[in-house]
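Numbered by full-length UniProt numbering, the letters in the sequence shown go through residues 1 to 485 in order.
If you are wondering where the hints come from, they were derived from the structure by calculation, not from laboratory data. Just so it is clear, CB atoms sit at the ideal spot from N, CA and C, and this is done for glycine as well. Keep in mind that a hint or two might mislead.
Subject to a maximum C-alpha distance of 25 Å in a straight line, what follows is the list of computed DSS-like cross-link-like pairs (lysine-lysine) [what the hints assert, rightly or not]:
# : residue 1 : residue 2
1 : 345       : 325
2 : 213       : 242
3 : 122       : 420
4 : 213       : 420
5 : 114       : 213
Okay, the calculated beta carbon distance ranges per label pair [unchecked claim]:
#  : residue 1 : residue 2 : range
6  : 303       : 269       : 24 to 32 Å
7  : 105       : 303       : 47 to 55 Å
8  : 110       : 79        : 20 to 28 Å
9  : 162       : 267       : 28 to 36 Å
10 : 375       : 143       : 30 to 38 Å
11 : 469       : 158       : 36 to 44 Å
12 : 264       : 334       : 29 to 37 Å
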Amino acid sequence: MVDWRRLAKVAGGVVGVVVGVVALLLGVALLRALILEDFDYQEKDIDPGARDELPESYLKGLPAVMARALAIPTVSFSPGNYDVDELLRFHEFLRESFPNVFNSSIIEVEVVNKLSLLLTVKGAQDDFMPYLLMGHMDVVPVDKEKWTHDPWGGLIMPDPSTGESYIWGRGAIDNKVAVIGIMSALEYLARTGFQPERTFYVAFGHDEEVRGKDGAGHMGRLLQERGVKLDFILDEGLPVMKDMIQGMDRPVAAIGVTEKGWLSMDLEVEGPAGHSSMPPLVSAVTRLSRALVALADNPHPSVFGSGPESDMLAYLAPKASWPHKLVFANLWLFKPILEMVLSSKRETNALMRTTTCATIVRAGVKITNLDGTEAHPVSPYGPEVAPWRLLSASIHHHFPEAITVPGLLVGNTDTKHYLKLTSRVYRFNPVSLRTSEISMYHGHNEKISVSSFTTAVSFYHHLILAADIQVAPLKSSPGHKAGEL
1 MVDWRRLAKV AGGVVGVVVG VVALLLGVAL LRALILEDFD YQEKDIDPGA RDELPESYLK
61 GLPAVMARAL AIPTVSFSPG NYDVDELLRF HEFLRESFPN VFNSSIIEVE VVNKLSLLLT
121 VKGAQDDFMP YLLMGHMDVV PVDKEKWTHD PWGGLIMPDP STGESYIWGR GAIDNKVAVI
181 GIMSALEYLA RTGFQPERTF YVAFGHDEEV RGKDGAGHMG RLLQERGVKL DFILDEGLPV
241 MKDMIQGMDR PVAAIGVTEK GWLSMDLEVE GPAGHSSMPP LVSAVTRLSR ALVALADNPH
301 PSVFGSGPES DMLAYLAPKA SWPHKLVFAN LWLFKPILEM VLSSKRETNA LMRTTTCATI
361 VRAGVKITNL DGTEAHPVSP YGPEVAPWRL LSASIHHHFP EAITVPGLLV GNTDTKHYLK
421 LTSRVYRFNP VSLRTSEISM YHGHNEKISV SSFTTAVSFY HHLILAADIQ VAPLKSSPGH
481 KAGEL
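With the hints as extra help, turn the sequences into a complete structure.
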C-alpha cells in the first residue's frame, strides 16, 4: 500500500532542495551583478594636443566634397566587372579635391593594378611599426525607382521632420565616408605641414563589393613582397549603434575583432523530362523546394560563447539597466534564455550561429560554381592591447556616451587580403546609426547626416594624431580572447 504521507514528505523535501538551489543561484547572480567590475575599456588619456581639433572653417566645406564624391557611380557588378571609366573619374576627383595630399613630399601615391590607390605617409622615425587605414571606392548597384531622391544626384537636403541636413547617395555609409573622411583629414594635415612620427599606409580598393581580389588582393601582396609588417589595420565595420541591444540606454561602439566566413553553394536537382500534363509524382522543383524548406526549418546550432559576442555582453553589463544587467553579468546561468531571445531577431541571430539563406532560384539552368572564405582569426582586444586603446580613445573623444565593446562583423570586408601583415585587424565605421537605418547598407535611400560625416572626418584626424603617442601597455598580456572575462 502506498504511504502517501511519506511520499508527500519526500516530494516536499525535493521541492525544497530545488527551490533552495534556485534561490542560491539567483542570489549569487544578483551579487555578481551588484558588485560587477566596471569593464569600461575606453581610453580617456590620449591627448594629441593643439592639433587635435579641426577648425570649423575647414569642416564646413567638406559636405559639398562628399556630395560630389557620391555623384560618381563607381559601381561594381561582379568580380572583374566594374565601371572603369567612373573609377578613373573618381581618381581625378580625388586629385582635384585634395591637392595637398597628392603634392606632399612625404606622401607617396601609387595606383595599383590600374584602379586601386595605395598611399604611403612617411614618418619621421623608422623604428615604429606602421599601420594601415582602409576604405573602398566602389559601391553596389542601385534600383533608382525605389529611391526617394536620385542616388547619383550629389544632393544635400534637410530632413523634413528634424531639419537636419543629409548627404544623399549610394556609398554615403558604405564606404565613401571612409575614403573622403580619411582624405579630408590627410588634406588638412598636409596643408599644415604635419609629418607623423611613424609611417602609415592608406589603401583604397576598387572592387571590395565583389570580393576585392583585384584591388586589396594586389595591394596586400605588394605590401607583403616589400616585407611590410603592420601594427594594426582599421577598416570599415560596425557603426555606433543607438539602440543596438535591449537594456542599453547608451550608444554602443562595437569594434569588429573578427568577421564571419561564408560559403556560396548550389543545390541542383535532376528529374525526368516530360510534358506538364503528365508530370512525375514528385517533380524536381518539388524536391528542391522541400530541400530549401528543410534548410530553413533546421538552423545551425548556436555557438554563442565561442567568439567575442559573450565578452561584448560582459563589457556592456555594468552599464545595462535591470534586469538586463543581471542577465549580461551571469551568462553562465542565463545563456539558454539569452540564446532564445537573440535567436528571435535576425540582427542578433546572425551573431551566434551559421545562417543559411536561399538567394536565387532558377529553373532549367545548371550552375556548379562554389566559393567561400573562412572566418577571420579573432584579433586581440582589451586594455592591454595598444591599438585597442588607441581606437577606444578616438571613439570616446568623438562619441563620449558610447560604450566600446568587442564585436563580430557578420558581413565581409576585403581585410582578408591583408591578414598576413598583422594579427590585429579592427573594423569600425565612425558613424552613428539606429538599428532601423542599418537597411541602408546595400539598400535604398542611403544617406549620412552632415554632422555624422564631419564627425567621421574628425575621428580619422584624431586617430592619425593619437597614433603617434606611445602609450605603455597596462599588462604584458596580448589581450582578452572570447570567454576569458
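Status of each hint after checking the structure:
no., hint, in the structure
1, 345 / 325, "holds (20 Å)"
2, 213 / 242, "violated (34 Å)"
3, 122 / 420, "holds (22 Å)"
4, 213 / 420, "holds (15 Å)"
5, 114 / 213, "holds (13 Å)"
6, 303 / 269: 24 to 32 Å, "holds (30 Å)"
7, 105 / 303: 47 to 55 Å, "holds (51 Å)"
8, 110 / 79: 20 to 28 Å, "holds (23 Å)"
9, 162 / 267: 28 to 36 Å, "violated (47 Å)"
10, 375 / 143: 30 to 38 Å, "holds (31 Å)"
11, 469 / 158: 36 to 44 Å, "holds (39 Å)"
12, 264 / 334: 29 to 37 Å, "holds (35 Å)"
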